[in-house]
Amino acid sequence: MKRTVAAGVSLAVLVAVGGVAYWAGGRNASAPGTPAPAAKGGPAAPGIVVEATKVVTAQLPQALGAVGSLRSDETVVVRPEIAGRIAAIHFKEGERIAKGDVLLKLDESVQRADSDRAKANLSLSKSKYERAEDLRTKGFISSQAKDEAENNFRVAQADAELMEAKLAKMVILAPFSGTVGLRMVSVGDYVKEGQDIVNLEALDPLKVDFRVPEVFLSQVKDKQSLQITLDALPDKAYDGRVYAINPLIDANGRSIVIRAQVPNVDGRLRPGMFARVRLFTSESRPTLVIPEESLFPVGDDKFVYKVVDGKASRQKVVIGARRSGRVEIVEGLSPEDVVVTAGALKLREGVAVRVANTPAAPTEVGRTDTPPPNKT
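Taking our numbering, the leading residue of the sequence shown gets -15, the next gets one more, and so forth.
Since the hints were made in silico from the structure, they are not lab data.
Please note: incorrect hints may appear among the correct ones.
Listed next, the in silico DSS-like pairs over lysine-lysine satisfying Cα-Cα at most 30 Å (straight line) [stated by the list, open to error]:
(1) 38 - 207
(2) 220 - 295
(3) 207 - 220
(4) 130 - 103
(5) 83 - 110
(6) 76 - 130
(7) 89 - 76
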């Protein structure tokens, strides 16, 4: 019984000592998971360093929506004008070539022989004509004989030119600079006149053809600016400009066909692609905009990171037009929201962030947008 009492007393003493030690230690240490306050001159406040900016309101031009298709600026299917056997092919499939480059050569042995014969006949006819002219001057032959000699010379001259032209057509040249497609023939093939050999496409710039209802005809102008997006390339928008409007309105669809030119400097666009077109009118409207670099995709959706109370908050957004490095926010953000512009790849929901710059709206935001279309 005495041993039991002694053990109880010892346990009580140990608990008391431990409590005192815990209380003393708690005064000098932070709770678990709580960073210690930085000393004077020590490291900055914790958090992932990012750059951010405020959501601003800017004037963006109104736009008409349409769909269209991309077309080559120039396109042709190369075909021989004369039948023959292919002697050599001078291009590689898919390569860029310049105007006037040799694409292929046909066997020209027969045509060259015909040309040499025509040249020899021309030389003989010319000599006969010159001799007849001299004899007529001296009165030894009639005018009729001299005229026949002249006529034979003219016929021989035309025949020689014809044979020379046929010989030249045995070499097929590129009619313009562009990119060749997939060839449909090989060396040694006998090709008929007009047979398909290869397609040639001029890919920079490209054309885009689209239709708008006739009720919007008054809002369509030459040199009007537009922007296209493509389902196949959702990460980028391409600017373009109208250069032709069909004078004929489609009576069936009550629409008008418009053709615009779109630069293809990066070479990612291809003829035949489906394009979503936004044709900008001269009218403007206020809308929320953020820098394009704030966006990041997740599947088919677009997101941004907002900075809320020093923490990252992932926000889904619905975007509209893109203009001059800025993107319209249709849904998901409010004015004065702060969004991350650099460093989003390091973030996750709820992580602490530290904004390196001062998130203020840029001055004269409206002037960053492309001006209204030139009406001249």
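Tested hints:
no.: 1; hint: 38 - 207; verdict: 34 Å, violated
no.: 2; hint: 220 - 295; verdict: 29 Å, holds
no.: 3; hint: 207 - 220; verdict: 22 Å, holds
no.: 4; hint: 130 - 103; verdict: 21 Å, holds
no.: 5; hint: 83 - 110; verdict: 38 Å, violated
no.: 6; hint: 76 - 130; verdict: 56 Å, violated
no.: 7; hint: 89 - 76; verdict: 14 Å, holds
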